[in-house]
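K.L.:
Line by line, the protein sequences are chains A and B. For the first sequence, this note's numbering gives the first residue as 119, with consecutive numbering after it. For the second sequence, this note's numbering gives the first residue as 13, with consecutive numbering after it.
If you are wondering where the hints come from, they were derived from the structure by calculation, not from laboratory data. Treat the hints with caution; some may be incorrect.
To be verified - Covered stretches of chain A (chain B as the covering partner; in silico rule of three or more C-beta atoms under 8 Å from a C-beta of chain B):
id, stretch
1, 150 to 163
2, 192 to 198
What the hints assert, rightly or not - In silico lysine to aspartate or glutamate, DMTMM-like type, Cα no more than 25 Å apart, as pairs:
id, chain 1, residue 1, chain 2, residue 2
3, A, 150, B, 66
4, A, 150, B, 30
5, A, 356, A, 251
6, A, 150, B, 88
7, A, 356, A, 233
Computed from a predicted structure; not experimentally measured. Positions of the beta carbon are idealized from the N, C-alpha and C atoms, including for glycine.
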Amino acid sequence: MDLLNQIIRQPIDPDYALTAAVGSQEPRGRWKLGVLAMIIGALFAVAALQTTRAAPAQQSERSELISRIQAAEREQDQLRGRVTSLTEEIATLRAAALGDDDVARSVESEISTLDPVVGNAAVSGPGVLMVVDDSPSASEDARDRVLDIDLQVLTNGLWEAGAEAISINGHRLSNLTAIRSAGDAITVDYRSLTRPYRVEAIGDVRTLQARFVESSAGAWWNDLAQNRQMRYEISDVKQLDLAADPGIVLRHAGRAAS
Amino acid sequence: MIPLVGLLAGIVIGIVLEPSIPQILQPYLPIAIVAAMDALFGAFRAYLEGIFTDRVFIVSFISNVLIASAIVYVGDQIGVGSQLATGVVVVLGIRIFTNAAAIRRALFHA
């Protein structure tokens, strides 16, 4: 407190009193004072200008970034659409190349069995729709938010319960799909999701929901819904349409034994 | 009179010419301004008390600005820049307030 007292008691430079006591006032040197006052004024003006300039610049930088992200997402959508159409073309070409003998027919039937399972073909059918979301108090407590592991547990539980195809917010899952957190958002196949999370699963309607609720994933989500007040709704749906996963690529190919 | 004219001229020059401050010096501009305000108010009070001297004002102004900026610079290097900047602003702010109150008393006798 001594420091503050001293600041308050002696607010002007003690040198003023000293030089005044000596009495050596020189009248020349007024121009120096003027120059200094000019510098101070310029300092004020520059600082004020910079502060007012910086605000819109930051704003425009931010909106510029947002529009770039949106453009990139649009481009990604276009590319995904192209992937889908090319995949269809591949399927037609493959059918043409295989020809029409017994071996070809067995290969074709194997392909048509495996394609929906691995997520390479669009599928539709009855299933369950689950809607999960952060709890209303998520802004206060980060633990009330849906995490990537919650969605991982959910989808694994659905596979376990006998789901044949799953998509989250329209992103079809395959066994190569990554569900991860990136910043504030959860990403599926590196695309960020917006809340709420809609998980669609095609499977046997008679058993899917019951088996899911009985599984460890069901217990996990029951706990989240009861203790963290997260949204957790599950319902049967007669008709679900899931698109193919555009992220599947051909990794290995070999010449068929003829 | 000369200082006031100088101050106004400086503001006009700053607005018209818009000299660009180097990026390295930009964080110290606000602190330098607070130090300059402290020197200005101190000088005005000394002027009212009749003990004003050009030389003391110029020296106190330059040293104030340099020391305040140096404190913040050192703080930035050791990771407590914003805290030290707050300290400088508090100390100089107290002085500015005290001087402004004294000036008000001297001018308006209230």
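K.L.:
Against this structure, judge whether each hint is valid.
P.N.:
Here's how the hints hold up against the structure:
1. 150 to 163: holds (count 14)
2. 192 to 198: As far as the stretch 192 to 198 of chain A goes, the hint is violated, because 0 residues have Cβ atoms under 8 Å from chain B.
3. A:150 - B:66: Cα-Cα ~8 Å, so holds.
4. A:150 - B:30: The hint holds at about 23 Å.
5. A:356 - A:251: OK: residue 356 (chain A) and residue 251 (chain A) at ~23 Å, within 25 Å.
6. A:150 - B:88: violated, 32 Å
7. A:356 - A:233: Distance ~22 Å between residue 356 (chain A) and residue 233 (chain A) Cα, so the pair holds.
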